[in-house]
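A.B. asks: Here is how the chains run, residue by residue.
2 protein chains.
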Amino acid sequence: MSPSIRGQNMANHGAIGRADRGKLIPGLVPARAYHGPGRAFILALAILLTPGTCWPGTGAPDDRLGHSVAETGKRAAPAIMPETGCDPLPSWNDGPAKWAIMDFVARLTDEDSPDFVPAEERVATFDNDGTLWVEQPMYVQGMFVSDRVRALAPEHPEWWERQPYKAVLENDKAAMASLSKEQVADMVLAVHAGTGQEEFIGTVQEWLAQARHPHYHVPYTTLAYQPMLELMDFLRACGFRVFIVSGGGVDFIRAFSVETYGVPRENVVGSSLEYEYGADGRLTRLAKLGKYDDAGGKPESIALHIGRRPIFVAGKHDWNRMFPGTESPGRPHD
Amino acid sequence: MSPSIRGQNMANHGAIGRADRGKLIPGLVPARAYHGPGRAFILALAILLTPGTCWPGTGAPDDRLGHSVAETGKRAAPAIMPETGCDPLPSWNDGPAKWAIMDFVARLTDEDSPDFVPAEERVATFDNDGTLWVEQPMYVQGMFVSDRVRALAPEHPEWWERQPYKAVLENDKAAMASLSKEQVADMVLAVHAGTGQEEFIGTVQEWLAQARHPHYHVPYTTLAYQPMLELMDFLRACGFRVFIVSGGGVDFIRAFSVETYGVPRENVVGSSLEYEYGADGRLTRLAKLGKYDDAGGKPESIALHIGRRPIFVAGKHDWNRMFPGTESPGRPHD
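Protein chains in written order, with the working numbering: chain A, 1 to 334; chain Y, 1 to 334.
A couple of the hints might just be wrong.
Stated by the list, open to error - As a list, the in silico DSSO-like pairs of lysine-lysine whose alpha-carbon atoms are at most 27 Å apart:
1) A:K291 <-> Y:K288
2) A:K288 <-> Y:K291
3) Y:K166 <-> Y:K288
4) A:K181 <-> A:K288
5) Y:K181 <-> Y:K288
6) A:K291 <-> A:K181
7) Y:K291 <-> A:K291
8) Y:K181 <-> Y:K166
9) A:K288 <-> Y:K288
10) A:K181 <-> A:K166
11) A:K166 <-> A:K288
12) Y:K181 <-> Y:K291
Think of the hints as simulated: they come from the structure by calculation, not from any bench. Bear in mind that the values here come from a model prediction, so they are computed numbers and not experimental data.
Next up, chain A with everything else stripped away, as it sits in the complex (with noise of 0.2 Å):
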């Protein structure tokens, strides 16, 4: 996918940046983390990002347009790309934040600055829900489950006499509201499982083609952060490797991460179910949770599927539990 054609995604929608503004705010964590056996010690640059730092909308247009890179340098930061003169991140406010992720990425990516990091260890995470794209009213993946009750419900006519399946099915929000964790995550599992991963991922595609956002009226696709999209790509050109490290369902975020974020199934982490490779060669997606990458399994899976700590994170919380000693949390979201 073309970063052009991916560019489009808010460039049509301009109105989310400023309907979100205020409730989204990621904390970006640029963190240079040494990892040495025996010599433990963090260098990281945590940066707070306040409402109007980065969405599109924020400020007059002017504000955020016509700054070269040079112009920029001026302020304080680094022109990294004097080959083009081209800036990078567009869409960003020309502020602090914007000033120091260049920066950090302009001392990282220099031979002879004593922050140089070898290629084969620029590694940068962003999480999905809220940092990538829209999580509200709800997470995509919460109406992608409500939709699949009311796909699946003909086949299964139990449902609209059985918890939580008739609370979905009747829209009764008090109802729903009185759900258990447990009959949620039932439900979860239920419409998430039975079928092979390319089935599964064809299915969320299909309903991303086709579902709207309640209140945009545009697909969810269409609803990821135009600034996020230029950092990734910005980070991908100075030779980072990109991934998405997410509580979603790892498949279900593969369902589009390749066409929206330019970012390969194999580079997304994410709760999953357990799978199970049958004699006949096919894979089944079980109803039995795998791993499920909450706050508390994120750094783990990290170890596990990239092998080495990230040295620039992008999400909204979660940081100060995976970069303990970094100087600012941050801020939380929700």
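Given the coordinates of chain A, assemble chain Y onto it according to the supplied hints.
C.D. replies: Below, chain Y without anything else, positioned relative to chain A:
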């Protein structure tokens, strides 16, 4: 790591190919699997390597050198690198296995071919032991375990009186042969656990730098097979992402995958311990098996980690479990 540096591995130790010939026989299975929901078929080409097909040192040197791709093409294989005239697999005998691989790659990278595969789907997986490097007379990780028991013995005086450690410390082969699986597993866990991920990887790297193969008296990392290094480079040059999928320990392999094979840490899938992330930001490898990627676990781990079925598989077993319906079973090792 540049290919030229890695290319020295076998050039310096040409005897390895001869010594192992007939013992280590990988079955290479380039397989084109269609993933669409509801349309499950596999178009696969299985290549059975027989002794003498690909190892350096088989046949007279003149049989393996000086064959340009154009010459190879006359015998059946396509000239897939006409722009350079280079032979991407110079260590391979000019025979059916090489022709089949080159033909397969030519077809799937040709946009006008019915077998064309988009770059995103070009995933290749390689087994490690016996496929990418030596596994005789014992798995290299087994050698590591024995050496670690000896290295850690001063901290564990009780080991001299306790099995299975006693057998290893006294090099008592009869006692070792009578150890139970559980005893061996406990010992493996004991010497792998208790440290952080970077610390463990550093320990393995230090060991690899000084350990020597008992017969060849060279570092294990020099015992990677040149034909397979060429094959990995060739596939990468043709847009594949190359993964190692092994029953060996994932962090053990990560200790040398970058330098020896050019495979980044995140592209290694293998058996793992569970990790625990503490409030102090330290990750600890627990003495508790996370997953064991033996023959029975690899397909599931590929699904979780990579998220799509590979279209090219190199290994010496498992292929018929991973690709039922392919034409030929490869040749099981052991």
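A.B. asks: All hints, please: hold or fail.
C.D. replies: Tested hints:
At most 27 Å may separate the alpha-carbon atoms for a hinted pair to count; A:K291 and Y:K288 meet this at roughly 16 Å. Proposed proximity of A:K288 and Y:K291 is supported: the alpha carbons are some 16 Å apart, at most 27 Å. Distance check on the hinted pair: Y:K166 and Y:K288 sit about 22 Å apart at the alpha-carbon level, within 27 Å; holds. For the given pair, A:K181 sits about 15 Å from A:K288 by alpha-carbon distance, which is consistent with the 27 Å threshold.
Straight-line distance between C-alpha atoms of Y:K181 and Y:K288 comes to about 15 Å, which keeps the hinted pair within the 27 Å bound. A threshold of 27 Å between alpha carbons decides the hint, and for A:K291 with A:K181 the separation of about 16 Å falls inside it, so the pair holds. For the given pair, Y:K291 sits about 12 Å from A:K291 by alpha-carbon distance, which is consistent with the 27 Å threshold. A C-alpha spacing of about 16 Å is found between Y:K181 and Y:K166, which places the hinted pair at or below 27 Å, so the restraint holds.
Of the supplied pair hints, the one linking A:K288 and Y:K288 holds, its CA atoms being roughly 21 Å apart against a limit of 27 Å. A hinted pair counts as satisfied when its Cα atoms are at most 27 Å apart, and A:K181 with A:K166 qualifies at roughly 16 Å. As the CA atoms of A:K166 and A:K288 are separated by approximately 22 Å, the hinted pair is consistent with the 27 Å bound. Distance check on the hinted pair: Y:K181 and Y:K291 sit about 16 Å apart at the alpha-carbon level, within 27 Å; holds.
When held up to the earlier numbered hints, the structure conflicts with none and fits them all.
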